[in-house]
Amino acid sequence: MAWVNATIQGGLTGGLYALFACGLSLMFGVMKVVNLAHGDLAVVAGYLAIGVIAVTHVPVLWSFLIVVPVMAALGYVLQRTIIQSALDRGVLTTLLVTFGLSIVIENALLQFASANTRGIGVGLALIRDSFSIGSQIQIGYLLVVIFATAVIVLLGLQYFLSASKYGRLIRASADDPEAAQLSGADYRHVFGVAAAIALGTVALAGVAYGMYSQLAPTTGTDTILLFAFAAVVIGGLGSLWGTLLGGVVLGVAQQIGAQINISDEVLAGYIVFLAVLVLRPQGLTARRVQS
Amino acid sequence: MTGPGHLMQPLLEARHLVVQHGQLRALDGISFRVSAGEVYAIIGANGAGKSTLLRTIAGLHAPTAGSVLFDGQDVTKLRPERRARQGIVMVPEGRRLFGSLTVEENLKVGAAYARPGPWTIERVYEMFDWMRDRRGQRTAQLSGGEQQAVAIGRALVANPRVLLLDELSLGLAPVVIQRIYSMLPQILATGLTVLLVEQDVSQALRVATHIHCLLEGRTTLEGKPADVTAEQVEAAYFGLAGVAPATQRGEGSEP
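Sequence order for the protein chains is A and B.
Read in order, the letters of the first sequence correspond to residues 1 to 291 in the numbering used here.
Read in order, the letters of the second sequence correspond to residues 1 to 255 in the numbering used here.
Hints may contain errors.
[Said to hold, decoys possible] Cross-link-like lysine-lysine pairs, in silico, DSBU-like; alpha carbons within 30 Å at most:
# : chain 1 : residue 1 : chain 2 : residue 2
1 : B       : 77        : B       : 108
2 : A       : 165       : B       : 224
3 : B       : 108       : A       : 165
4 : B       : 224       : A       : 32
5 : A       : 32        : A       : 165
[As the list claims (entries may be wrong)] Incomplete in silico selection of chain A near chain B, CB under 10 Å:
#  : residue
6  : 80
7  : 129
8  : 136
9  : 140
10 : 171
11 : 172
12 : 173
13 : 174
14 : 176
15 : 178
16 : 182
17 : 183
18 : 185
19 : 187
20 : 265
[What the hints assert, rightly or not] Short derived list, chain B residues pointing at chain A, Cβ under 10 Å:
#  : residue
21 : 58
22 : 59
23 : 89
24 : 90
25 : 106
26 : 173
Hints were generated in silico from the structure; no laboratory data involved.
Ideal placement from N, C-alpha and C gives every residue a C-beta, glycine not left out.
Let's have the full structure, built from the sequences with the hints guiding it.
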């Protein structure tokens with residue numbers, strides 16, 4: 001029963017990891033940008049939520065209604081300024097620029113918010129409570145809410161990209177920005193919108209992690225970015241459903257690792273990550289690229 | 001530069017365009033005027049600057065000197081997407097379809113910023129009757145000629161005023177090239193003007209109302225196909241010395 005419990009808890013945690021990974025996957029899929037500041041931006045969103053809750057007294061759960069649009073706007077501005085100008089110089093430059101951004105954000109957070117960890121206090125009974133299956137499996141409502149959020153975000157994103165007019169422009173610009181221009185689409189604006197959506201999901205990830213655990217200035221790189229990378233690679237780059245699967249596999253691997261030995265939790269996740277990289281580098285869901 | 005029959009304001013005009021690719025001067029003072037309804041063909045050998053010229057008209061290259069006028073307006077500073085929305089639409093070399101999109105999605109992207117006009121996706125399906133049945137396929141599954149047809153369709157649904165065609169024949173079998181070019185009268189009948197670049201000179205001479213030959217970034221010959229001889233075209237194309245038509249410029253003596 002302990003193993004079943006570990007699998008269920010791990011699977012649900014996978015929703016959180018999928019939320020981490022979704023924005024990273026989108027930025028890479030559309031702009032070919034590996035955003036190394038991804039995790040730090042999620043932490044910024046978490047701190048922003050803490051600030052928003054303290055100042056405006058909005059219900060904790062609804063703080064994302066303010067944080068998501070703010071981060072989305074930041075995403076658009078970042079894309080149109082430093083990321084686009086880095087892209088114009090070549091894809092490798094974006095690695096340097098987002099790495100630099102990551103360092104700047106982390107140090108700014110240390111400077112202004114100190115190294116102490118903070119959580120987003122979820123005082124609501126709904127969130128702290130859990131329900132039981134049988135006598136040994138306790139499932140926290142918060143993880144269920146986060147998992148459901150991840151599924152809704154991925155479903156929505158999938159639908160938006162495949163069925164909407166703007167989603168089509170995003171896919172076209174990702175395929176060939178110059179050809180998109182020749183059809184009248186300003187790919188720089190399209191990329192800006194894609195980055196806004198990506199950072200909207202990053203904001204959700206940061207707020208969710210702040211509720212689930214504790215945030216510190218370094219959480220972005222040592223936890224969120226790494227887990228996001230692992231989930232994306234396990235699931236398959238550019239595939240949104242793969243991202244969910246990758247998150248779930250990572251979560252389950254960690255919990256099963258913890259079941260074997262509590263100190264093996266994180267290690268087990270990375271072993272699966274490495275195994276996928278070696279045995280199936282295109283990820284679990286991605287098809288091999290057609291010529 | 002203005003010949004007879006060019007008395008009205010040209011729809012598209014290039015004035016002394018100079019384009020540098022690093023150290024290389026790809027275009028060295030090119031001028032031309034295209035009137036509404038013309039099929040204006042730019043011919044020349046590999047590396048003559050034809051594609052650079054077309055890409056400069058589309059806004060993908062910024063000229064270091066000179067200007068591009070469209071319907072009397074200076075569009076030299078306009079970005080490519082703005083020019084496309086105003087009616088300068090290019091079918092790029094190598095087709096450049098959106099590979100992860102279906103045939104119909106490619107056409108829908110072409111129509112996203114369309115001007116009002118006669119061309120619709122439905123009309124493209126009428127012109128290329130196989131396309132409707134295969135509209136749900138990815139473009140990678142199409143043959144080269146079929147891909148070229150989708151690329152033309154994607155440009156047409158934007159309802160361009162000037163259609164820029166960059167090397168339609170590239171990589172296609174002669175019979176396929178014939179079939180693609182045989183669609184041109186249907187396209188022109190809807191009131192379009194065509195500026196095309198073509199390496200296949202005989203094809204260009206067949207369809208063009210005006211030809212303009214480039215050699216190493218300079219104009220070596222221009223005129224109506226009926227007014228130039230095969231020898232003049234050959235001389236202008238290869239830069240042979242000794243044959244000097246009235247409008248021939250440049251020495252063409254560099255290797």
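Honestly, which of those hints from before does the structure not fit? 2, 4, 6, 7, 8, 9, 20 and 26
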